[in-house]
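Q: Sequence:
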Amino acid sequence: MTIAIADDDPIVCQSLATIMTATHAADVLWTAGNGATATTRYFDSPTSRPDVLLIDIQMPGSDGLAAARAILARDPAARILFLTTFADRAYIEQAIALGARGYLIKQDVASVAPALHAVMAGQIVLGADVLGKITGPTAPTGAPGLPHDPVTSTPDAATDADRMALDALDERSRMIAALVAEGLDNRDIAARLYLSEGTVRNRISAMLDRLGLTNRTQLAILWINTYR
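For what it's worth, the UniProt record's numbering labels the leading residue of the sequence shown as 1, then goes sequentially.
What the hints contain is simulated information worked out from the structure, not anything from laboratory work.
Warning: the hint list may mix true and false statements.
[Said to hold, decoys possible] The following label-pair restraints were derived from C-beta to C-beta distances:
(1) 77 to 192: 39 to 45 Å
(2) 187 to 46: 21 to 27 Å
(3) 173 to 21: 40 to 46 Å
(4) 22 to 167: 46 to 52 Å
From the three backbone atoms N, C-alpha and C, an ideal C-beta is built for every residue, glycine too.
Could you build all of it, start to finish, from the sequences and the hints given here?
A: This is the structure in structure tokens:
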């Protein structure tokens with residue numbers, strides 16, 4: 001796969017690029033020190049668009065959230081994975097609302113490559129500590145996090161309205177929502193339920209509209225909070 005890295009610390013950019021290249025995890029197309037540069041580089045040419053963009057939150061000038069918003073507005077299929085030291089719930093929720101494919105905390109460089117592969121496979125990647133910020137002190141097994149971050153918990157953040165809205169879904173839609181919460185992409189869900197990918201995609205879109213959500217990550221978190 002090809003990736004790009006946006007971080008205001010040149011040492012972080014160089015270290016990640018070196019590790020990704022040396023381990024043959026990915027080819028690094030370019031690096032950027034702020035959001036504005038990342039946005040410009042992303043749209044320089046068709047060949048400058050990476051399979052996955054690794055981006056920090058806080059950077060001088062245009063930050064990572066602003067860059068993600070600008071990029072996704074022009075390229076909704078962009079795969080953006082946040083890699084940052086900031087675990088603030090507000091940042092996490094904004095990233096999810098924008099449609100980011102994941103949010104990781106800079107703690108273990110070894111988690112980056114598996115996260116990139118998961119994103120390429122269509123999964124949403126949230127580190128265990130990130131899920132903890134959203135769902136409570138800990139997060140449930142099967143949540144869309146990294147494979148080596150298994151954690152357990154009981155839900156405590158769902159409201160009665162959330163449960164009623166999900167309970168009102170038809171059985172097939174509920175099955176699809178449960179698989180989205182496990183981190184499966186449309187192709188895998190279709191294979192599991194013997195449906196076409198188009199049917200799965202349409203079902204998910206209908207659920208998002210009905211529940212007032214903007215992306216599948218929010219659907220996954222709502223399901224987790226309500227039933228696990």
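Q: Now tell me if each hint is right for this structure.
A: These are the hints, each one checked on the structure:
The beta-carbon spacing between residue 77 and residue 192, approximately 23 Å, falls outside the hinted interval of 39 to 45 Å. Between residue 187 and residue 46, the C-beta spacing of about 24 Å keeps the proposed range 21 to 27 Å intact. The hint said 40 to 46 Å for the Cβ distance between residue 173 and residue 21, and at roughly 43 Å that hint holds. Distance hint check: the CB atoms of residue 22 and residue 167 are about 50 Å apart, consistent with the given range 46 to 52 Å.
Consistency with the previously given hints fails for number 1 only.
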